[in-house]
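Asks: Residue numbers (this note's numbering), protein chains in the order written: chain C, 1 to 161; chain Y, 1 to 294; chain U, 1 to 760.
It should be emphasised that the hints constitute simulated quantities derived from the structure, not laboratory data. Because the structure is a prediction, the values reported are computed rather than measured. A portion of the hints provided could be inaccurate.
Straight line, CA to CA, 20 Å or less: simulated SDA-like cross-link-like pairs of lysine to any residue [unchecked claim]:
| hint | chain 1 | residue 1 | chain 2 | residue 2 |
| --- | --- | --- | --- | --- |
| 1 | C | Lys146 | U | His430 |
| 2 | U | Lys566 | U | Leu495 |
| 3 | C | Lys121 | Y | Tyr206 |
| 4 | C | Lys146 | U | Glu751 |
| 5 | Y | Lys268 | U | Glu754 |
| 6 | U | Lys9 | C | His91 |
| 7 | U | Lys695 | C | Gln125 |
| 8 | Y | Lys268 | U | Thr12 |
| 9 | Y | Lys288 | U | Thr21 |
| 10 | C | Lys146 | U | Thr12 |
| 11 | U | Lys9 | C | Lys121 |
| 12 | Y | Lys82 | C | Glu95 |
| 13 | U | Lys695 | C | Ala124 |
| 14 | U | Lys695 | C | His91 |
| 15 | Y | Lys268 | U | Ala429 |
| 16 | Y | Lys82 | Y | Ile60 |
| 17 | U | Lys695 | Y | Ala188 |
| 18 | U | Lys695 | C | His118 |
| 19 | Y | Lys268 | U | Glu751 |
| 20 | C | Lys146 | U | Glu634 |
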Amino acid sequence: MTETELRFTVNGTPRLIAVEPGKTLLAVLREDLGLTSVKEGCGQGDCGSCIVVMDGLAVNSCLVLAAQADGSEVVTLEGLAVNGQLHPLQHHFAEEWAFQCGYCTPGMIMSCYALLMHNPKPEAQDVEQAIEGNLCRCTDYHNIIKAVLAAADEVNARVAE
Amino acid sequence: MNRPAYVAPTTLEEASAILGENPTGARLIAGGTDLIVQMRAGVVQPDVLIDLRLLPLDTISVEKDLVRLGSRVTHTQVIESKVMREMFPALAAACEAVGGPATRNRGTIGGNLANASPAADSALPLLVYDTSVVVASAASERTMPLADFFVDYRQTALKPGEIIKEIRVPVPSGKTASSFIKLGKRQALMIAVVSVAARLTVDESYKVREARIALGSVAPTPIRASSAEKMMVGEGLSVEVIAEVANETVNGASPITDARASAEYRTKMIAVLVRRALAKCMEQLTEKSVDDGN
Amino acid sequence: MSATKILGKRTTAVGSHDIVTGQARYTPDLTFPGMLVGKLLYTTHPSARIVNIDVSKARALPGVAAVITHEDIPGENSYLVYDSDQPLLIEDYARYQGDALAAIAAENEAAAQAALQAIEVDYEPLPGIFNPLEAVKPESPRVWPDRDNIYGHVVIDGGDVSAAFEQADIIVENTYTTQTVEHAYLEPEGAVALVESDGMVVVYTSCQTPHRDRTQIARSLGIPESMVRVIVPRVGGAFGGKDEAHVQIHAALLAQATGRPVRLIRSREESILTHVKRHPVTIHYRSAVTTDGQLLGVDVQAIGDTGPYANMGMNVMSVLASHVTGAYYVPNSHIESYTVLTNNPICGAMRGFGQYQAHFACERQMDAIAQAVGVDPVEIRLRNALQEGMKLPTGAKVRQGSSPTESIGEAVRLSGWKERDQSDDRLPAHLRRGWGIAAMLESFGIGRNLPDCAGAVLEMAVDGSVILRTGAVDMGQGAYTVLAQLAAEQLGVELSAVRVITPDTDKTVEAGASCASRVTFTSGNAILRSALPIRRGLLKTAAEETGIPEEKLSLRGGFLFAEEEKLAISVAELAQKARQRNYQLNSSGYYAMDYPDDIFDEDSYPHAPGFFTAGAAVARVLVDLETGEVTVEELVLVQDIGRVLNPDGALGQAEGGMAMGLGGAILEELIVREGKTLNYSLESYLIPTVRDIPKTIVKFLETPEPYGPYGARGMAEGPIILAPPAIVNAISDAIGAPLNSMPVTAERVLEALEGNGNTS
C-alpha cells in the first residue's frame, strides 16, 4: 500500500507525515500523532466522540480520510490550553460538571469550540444545535449547555477588556 | 475496512476518466459521510477512491432566475447562505435536518443525491423546486431533471464515468411557498421515517397554479406524488382540499417495513405529513394560521 | 445533621483537569512498545454446532502472532460469574450471536482482519430457542441438553394470597413487557494486557470489578491470582455492562501466548452484538383491591430472558421479585420470577437491575387500579404507601426514611400536578398533554447473604497530605470525588490535600463491584473505618500537646479546632508529632454490608434487599395524536438520599438517570429476530440526543440512613427506575389508553389510540 505525504497543521504545529491515504484522520491523530483525546465511539459519525475542528468546522474525524486533511488546519482538545492556561470552555466544563465519564467530552468541547468561533454570543438553542451530533450517555446535556454559555460570557468579557 | 488506492484529481475530466476506466472498482468521494460508513460495513469495497476535493465545484452562484450549486456545496453552505434560506427555505430546512453539524459540514448536496437513498433529505426540496442536475464526463455534459435522476433503490441515471457537476435550481417566482417536514424516531441526528417537501404556487385569486409534493422513505427512491399534484391544480386553498390531496398521495407510494418503522405506519404518516406540509404552504401564502390538526 | 466542612459542598471532580485537557487515558489510549492488535472471531449463527474450526491458515499469515482456540487455554475455559457455563472460546456449540470461537493477535489492524477472515469454521446451524414464554414450558426444546430452560425460579410468598383474592372487591389483571436495552456507553469494552519479565500478567481494562476480573484472569491463565495485576484507567461509562468480565481474559490469554502486549478493543458493532444487555421481561400482574383502592394482595409471575448463559440472570430476577410491589404495602403476596435460558442475546447487569422492570409493572398497575376504582393516581399511591415499620413481601421491614410519602408530596407540589387541568395553554387539536406519576422504593447493596464488602486504605504523610487507596471504580458517577471528600472530612484536611490512588489490584484492596448504587455506602463506610485510628492518633497527640480534652477537639480544613475555636496548630504539625509518638498514620478499613438486626426474620427472603431509598417522579408529556410522537416536556424527580454528600455528583446521577430512563421509555429497543440483533449500531439503536431532553427539576430529601456514611443512601439507580413509569403513565394519561409495554414508540401510541388493545 503506497503511502502518501500528509502535510497539515495540527494544534498550530506544521506536520508532515507519511500515511496510507485511506487511513482515517481519527486514526492518524490518535496513532501517528499520539493525540488520544480524539475518541472512537462508533467509527461512523453517529456519536460525535471523534469530532475535531478542521479548517474552522467541526468534523467527524472518523469520516475524514487522512489524505483529505492535506493542507488543512486541525485543532484537537490538546490544542485549546495556551501555556497551561485552560480555555474558558475547559474551565467551565470542569466547574459545571459538564461531564461524568468524560469520554464524549473532547468531541463535545470541540463542537462547542467551533460554535464559539462562528457565534461568540450563543443562546441555549444555539448550543443545543451545535451539540446535537454529540451523544452523551452519562449526563442529560444540561450542564454542558450551562458550561458553554458561561464560557462564552467569559470569552466576551475578556475580549471587552 | 479495506485500504483502497486514492487519487485527488484536479480536473473533472481527469476524475471522470479514472472513474470510467474502473466502473466497478472506483468510487467518488466528497464528504465521505455516506461512503466511509458503507465501506466500514463492507457494503462497498472500492479499489480506488477518487477524491473530488480539488475540483472547483463548491460555490453557490446566484443568477437572475437560477441558482447553481456546485456539486460539492455542503449542507452547511446552504444553511449559512442568506440567499438560499430566503429563496429556498425548504431546502435550507432539509439541510439543517441532515445528521448533526459535523455531518452537515462535510456532506455535500451532490453526494446526497448520488448516494440516492430514498431518505435523502435534500432530494425532496430539490424535487419540488424543479431542480435539474448537470452531469459531466470527460467527453460530454448533459442536464436532466432531478425527477429523472433517481432510477431505483440507490441507483441513479449516472452512466459510467459521469460525475454530478452542478445542481441547478430555478428561482421560484410568483406567489409561492414551500415547506419541508421530516419525521424521525428522535429529535436530532436521525434518518427519516417519512419526510415530505411541498411547494405551492397560486394565482392572484389564490387558486393553485402549480403543486409539487415530494415524498421520502416511502419508495425505493425519493418520489413525486404526481397524481396528487395534478389534483391540486386549479383548486382553491382550503383545509378540505389539502386533506383530500394528502390522502391521494398515498397512492403511488410503496413503503416498506424496516428497523425504523412498519409499512403501515409509514402509509399513515404520508397523509399526515403531506397535509401538514401543504398547510404550512397555505399559511405562508395566505398569512393566516391553519389549524393543521384535522 | 452534623455540620461538615467538605461534604455537601460543590467541588470540581477529581481528575477533571485531565478530562478537560484531553490527557485522561482510557483503555484504547494506552500503547506499549511492541503492542499487538487483538481481535475475537464471533459466531455467525446464534445457535449452531461447531463441526470444525481450522485456524491453520490464519496462523500462517504474515503479521499474525497468535491464534488461539478453546484448545489453547491453559486454565478454565469459562467466565466465572455465579456460574461457569459461559465459555471464553466455544468448542462444540454456539449458543448466542456473541459466542467467540477464536482470539487473534496481529501486528496491525489489517493483519488482524486478514487473520479473522482466514479462520475457517464449519457450522451446523441448529434450531434456536428465541421465545422465552415458550422456553419456559416443560415441553419446550432445550437450549442445553442437560439443563432445564428454567435456570432460576424465585418464589416470594407472604400472608394469605388466596384469601386476599377472595376478599377483593376488584381484581385488576394485566401483562407488562419491557424490552432488551443496550447500555450504549460511549467507550466500548476493551483491555490491554502484557506479561512482565517476572511473569506478572498486567491487564488494563475498562471495568467495574477489578478484583473479580483478576480472579477470572488467573483462573483461565492457570496462574496464581497474586501473579495477575488489574489496573483500571479512566472508564468511559459502564452502567453495569462492564460489571462482568468481557475481553480482559482473552487479552490476557493473547499476551500470555505471544509474550507481547496486546490491545483488544471491541468495535461498536461488536459491543452491541456481544456484551450483556438489560433483561427483557414479561410480568403478569394480578392485584386484589378494595373499592377504595386499598391493596390486599398480588399474584405476580415474571419471566426474564437471560440468553443462554446464567451470568447474573438469577440475581436480576431475584431483585425484580423483591421489588415488584414497589413502594406500597401489600400484606399478601405470591410472587414468582423465572430466569429463562434462550439463544437470544445474553443479559446481565444494567443500571436498575430488575428494579427497573419491576417498577414499570408496579407503577402501570397502580394507574390501572386507580382507574378501576375511580381514585386519583396520586391519592391511590398515598393510600398504599409504605410507612416505617411495615413489612415488604420479602419480609424486610421498612425503616425510617424509606417511605415514599414525602417524595410523592414534594413531586406533586413541584410539578404543579394539582393545577394540571387548569392550564390555559391552548393546544392545537392534534396535541394532547398528559401527566404521570411514579413512586419507588429503590434498594442499594447486593442483598442479604450475598458478598457485599469493601476495603479502603488511608495514609497521612507527615506534611498532612493524604493518600486514599480505593478499589472502587469511578465510571463517571463521581466516586473518586465523593470518597476523597469523605477522607478529607474524616481527617480534617482540605480536599486538595487528598490524592486518590485509583483501582489497581497491586495498590488498592478490593471494594467489590461499582454496582447496585453501593459505592458511596460501602466504600464510604470503609473509609470511615480506615480514618478512625488515624484521627484518634492525631487527636490524642493534639490533646497531649494542648492539654485540652480530646472530646473538645476536632480537625477541620487542615487545622485543629477546640470546639468552634480554630487553633494555630495545623494537621501537618499534628501528623509530625503523631509520627514521633508512633501513633498510627496509615490504616486499612473494611466494611461488610451490615443490616440492622431487626429488619429480617427467619422467614424473610434469603436474598432480600435491606436498605432503601424512596422517591417519586412526575412527568409531563405532549403527544401528537396523528403521528404518535411523544415529547417529554418536564420531569420532576424527588428522592430521599439520606445526605447529599456531593451536590453535583448526586444531581448528575439524577439527570443522567432520567435521560437514560427517557430513552428506555420511548426510544430504545434492541430488535432481535431469531437470535440476531438487527440494530447493532448507534445509527439504528437510538439513545437521547440533547434535543430529546426535557426540562428537569430535582429535589433531594435528606432523612439520614444511620448505617450510611454521614447518613447517605445509595441513589444512582433511582432516577432510571422512576423516569420510565412516570413517562409511560403520562403518555397513557394523554391518550386515554393503557400502554403496558416499553418502549412506547410513536407506532405503539397510534396502535393504542386505535384501540388495538394492550401493546406488546
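Asks: Work down the list of hints and note, for each, if the structure agrees.
Replies: Hints and how they fare:
1. Using a Cα cut-off of 20 Å, the hinted pair lysine 146 of chain C and histidine 430 of chain U is violated, with the two alpha carbons roughly 33 Å apart.
2. The straight-line distance between the Cα atoms of lysine 566 of chain U and leucine 495 of chain U is roughly 18 Å, inside the 20 Å bound, and the hint therefore holds.
3. A hinted pair counts as satisfied when its Cα atoms are at most 20 Å apart, and lysine 121 of chain C with tyrosine 206 of chain Y does not qualify at roughly 42 Å.
4. As the CA atoms of lysine 146 of chain C and glutamate 751 of chain U are separated by approximately 39 Å, the hinted pair breaks the 20 Å bound.
5. For the given pair, lysine 268 of chain Y sits about 12 Å from glutamate 754 of chain U by alpha-carbon distance, which is consistent with the 20 Å threshold.
6. At roughly 19 Å between alpha-carbon atoms, lysine 9 of chain U and histidine 91 of chain C fall within 20 Å of each other, so this suggested pair holds.
7. Taken as a hint, the lysine 695 of chain U and glutamine 125 of chain C pair is honoured in the structure, with Cα atoms around 13 Å apart against an allowance of 20 Å.
8. Between lysine 268 of chain Y and threonine 12 of chain U, the direct Cα distance comes to roughly 51 Å. Violation of the 20 Å bound is thereby established for this hinted pair.
9. As the CA atoms of lysine 288 of chain Y and threonine 21 of chain U are separated by approximately 52 Å, the hinted pair breaks the 20 Å bound.
10. At roughly 15 Å between alpha-carbon atoms, lysine 146 of chain C and threonine 12 of chain U fall within 20 Å of each other, so this suggested pair holds.
11. With a C-alpha separation of about 31 Å, the suggested pairing of lysine 9 of chain U with lysine 121 of chain C is violated against the 20 Å cut-off.
12. This hinted pair does not check out: lysine 82 of chain Y and glutamate 95 of chain C have alpha carbons roughly 37 Å apart, beyond 20 Å.
13. Taking the CA atoms of lysine 695 of chain U and alanine 124 of chain C, the gap is about 13 Å. The hint holds against a cut of 20 Å.
14. The straight-line distance between the Cα atoms of lysine 695 of chain U and histidine 91 of chain C is roughly 25 Å, outside the 20 Å bound, and the hint therefore fails.
15. For the hint pairing lysine 268 of chain Y with alanine 429 of chain U, the CA-to-CA distance comes to about 18 Å; that is within 20 Å, so the pair holds.
16. Note on lysine 82 of chain Y and isoleucine 60 of chain Y: the hinted pairing holds, with a Cα-Cα distance of about 11 Å set against a maximum of 20 Å.
17. At most 20 Å may separate the alpha-carbon atoms for a hinted pair to count; lysine 695 of chain U and alanine 188 of chain Y meet this at roughly 17 Å.
18. Only pairs whose Cα atoms come within 20 Å are accepted, and lysine 695 of chain U paired with histidine 118 of chain C is rejected, the gap being roughly 27 Å.
19. Taken as a hint, the lysine 268 of chain Y and glutamate 751 of chain U pair is honoured in the structure, with Cα atoms around 11 Å apart against an allowance of 20 Å.
20. With a CA separation close to 18 Å, the supplied pair lysine 146 of chain C and glutamate 634 of chain U stays within the 20 Å bound.
Figure legend: structure checked against the earlier numbered hints; hints not met, in rising order: 1, 3, 4, 8, 9, 11, 12, 14 and 18.
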